[in-house]
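Protein sequence lines, in the order shown, are assigned to chains A and B. Take the position in the first sequence, starting the count at 1, then add 70; the result is the number in this note's numbering. Take the position in the second sequence, starting the count at 1, then add 126; the result is the number in this note's numbering.
Each hint should be verified, as a subset may be incorrect.
Listed next, the in silico DSS-like pairs over lysine-lysine satisfying Cα-Cα at most 25 Å (straight line) [said to hold, decoys possible]:
#	chain 1	residue 1	chain 2	residue 2
1	A	Lys217	B	Lys170
2	A	Lys246	A	Lys94
3	B	Lys257	B	Lys271
4	B	Lys231	B	Lys282
5	A	Lys217	B	Lys266
6	B	Lys171	A	Lys278
7	A	Lys246	A	Lys95
8	B	Lys389	B	Lys325
9	A	Lys101	A	Lys156
What the hints contain is simulated information worked out from the structure, not anything from laboratory work.
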Amino acid sequence: MDAEYYLYLLLLFLISLAGVMRYKKLSPAFKTLTILIIATFVSETIKKIIGKIFHNSMPVAHLWAIGEYAFFSLVYYRLLSGTRTKKLIIASVFFMILLEIVNIAFFESLLQFPAILLNVSQFIYVLYSLLLFRQMLIQPAEESLFKQSIFWFNLDMLLFSTAMFLNFALTSYFIKNKLDATMLIYFSIIVNMLFYTVIGISILIDNKKYDAVDFCSK
Amino acid sequence: MTRLIFAVNSNPGSDELYVIFFSATAFFVFLASFIVYFIVLYQKKQRQNQTERDAMQAAFRQGFLKARLEIQEQTFAHVSREIHDNITQVLSFVKLNLAMIGEVKNEQLTKINENRELIAQVITDLRDLSKSLSFESITKSGLAKTIEAETGRITKSGLVSSTFAIQGDIYPLGEQRELVLFRIFQEALNNALKHADAKHLTITLQYIPELFIFTFMDNGLGFSRENLDDLVGAGLRNIENRASLIGAVAAIESTPGNGCSIKISLNLLQNSLYDGTHQDRFS
């Protein structure tokens with residue numbers, strides 16, 4: 071499993087590098103996304119080191135689950151227009167912090183996998199994604215859809231969130247019924263790799279001049 | 127966003143797994159359909175937006191052109207009035223004053239008479255210019271007569287010879303259309319005299335029922351579109367723009383050394399921004 075993990079870290083590193091190199095050309099949302107990828111790379115590296123030393127990296131996973139949600143929310147905050155939506159996005163970050171506190175206190179301790187938080191996050195990402203698709207339909211850009219970084223990013227988020235949501239549900243079921251979940255683990259690895267690869271592509275094709283949505287409101 | 131979960135290996139298989147597997151497959155098929163639907167819908171919206179944008183741009187261009195022509199007509203009318211009411215009046219007064227000078231030597235009298243003749247010539251030229259600038263002659267006399275008079279004036283000046291022909295029974299095209307066509311004629315005339323060094327002009331007005339064709343040909347230097355200077359190019363674009371404003375089509379043909387032919391075809395059944403029934407008029 072180590073080889074896959076290092077490959078995963080290498081992928082994150084390469085995407086971070088691409089993001090840093092194109093940073094000035096990126097739109098505000100994709101600048102935030104680049105910072106998120108760099109933070110993910112750092113967090114995953116720390117997680118690996120802590121896991122090696124203490125044999126449990128879940129405290130980092132708990133912390134990063136909140137951090138990651140905040141970052142993705144900020145990305146969508148910059149992509150979505152509408153004051154009400156933006157306020158709801160900010161409110162959701164506070165809600166997730168509260169949920170994490172309750173989760174640690176009553177359901178999943180710091181040494182357990184933060185499944186509840188991640189499941190709720192993925193559900194909200196699906197909502198974000200659908201909202202952004204709706205906005206794209208209302209304000210279509212002149213540029214071809216397939217050349218729009220926002221389309222690839224949003225599609226990636228939708229597919230990843232739904233796939234991982236399903237994966238979590240299946241994994242829980244498999245564990246509960248004491249079934250072999252190896253396939254699901256590999257599925258999860260492949261989905262992760264694809265997710266970050268598509269994010270990398272969207273960072274590479276993003277250009278602040280040709281964004282699909284109006285950024286004036288930000 | 128790592129989700130690398132390490133599960134326990136245990137009892138294999140369960141009937142429920144098939145249900146889960148098919149549910150998951152159905153869900154992903156639904157998701158894929160949603161994405162395809164989104165792409166199709168988005169592209170449709172893009173096309174719609176493009177069509178709307180093109181229509182808006184065309185309307186804006188037409189509106190802009192209309193405003194520009196209105197301003198131009200107002201300026202022409204103002205200059206025409208100034209020439210007619212002010213300059214020619216003053217010149218007439220000068221001519222009268224010269225006539226009233228008494229007790230002069232024969233030599234001086236000859237000079238005075240020469241000057242009076244020159245002033246009379248200037249007055250006539252200015253009146254002609256005033257008429258050509260004003261839309262009133264179009265309103266009063268109609269397009270055919272105005273073009274005929276203008277052609278006659280140019281021929282009389284000795285600059286060029288001309289052939290003028292009217293085919294078919296003359297019918298009114300509408301005040302604004304006739305004014306725009308007259309301005310096209312003036313632009314073509316200006317190009318022929320100033321840039322083409324033409325010696326002969328052929329002007330034809332064809333009044334076919336529901337179709338009017340105006341043809342202006344010169345035997346000047348001719349040109350190829352690629353080698354046109356900005357001034358002539360702008361003049362030709364002006365002709366095309368004006369024609370499109372009244373719903374006409376301008377066909378400009380020329381080759382170096384073979385003169386130029388400008389043909390304006392106006393289909394009277396076609397609606398345009400400046401149709402003949404439009405109530406408001408330039409200036």
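Verification of the supplied hints:
Distance hint between A/Lys217 and B/Lys170 is fulfilled; the C-alpha atoms sit about 16 Å from each other, no more than 25 Å. Under the criterion of a C-alpha separation no larger than 25 Å, the hint pairing A/Lys246 with A/Lys94 is inconsistent with the structure, at around 48 Å. Taken as a hint, the B/Lys257 and B/Lys271 pair is honoured in the structure, with Cα atoms around 13 Å apart against an allowance of 25 Å. The hinted pair formed by B/Lys231 and B/Lys282 fails the criterion: a straight-line CA distance of about 35 Å is larger than 25 Å.
Restraint check for A/Lys217 and B/Lys266: the C-alpha separation of about 60 Å exceeds 25 Å, so the hint is violated. A distance of roughly 22 Å separates the Cα atoms of B/Lys171 and A/Lys278; the hinted pair therefore holds under the 25 Å criterion. Of the pairs offered as hints, the one joining A/Lys246 and A/Lys95 is violated, with about 48 Å between alpha carbons and a cut-off of 25 Å exceeded. Only pairs whose Cα atoms come within 25 Å are accepted, and B/Lys389 paired with B/Lys325 is accepted, the gap being roughly 19 Å.
Between A/Lys101 and A/Lys156 the CA atoms are separated by roughly 18 Å; this keeps the pair inside 25 Å, and the hint holds.
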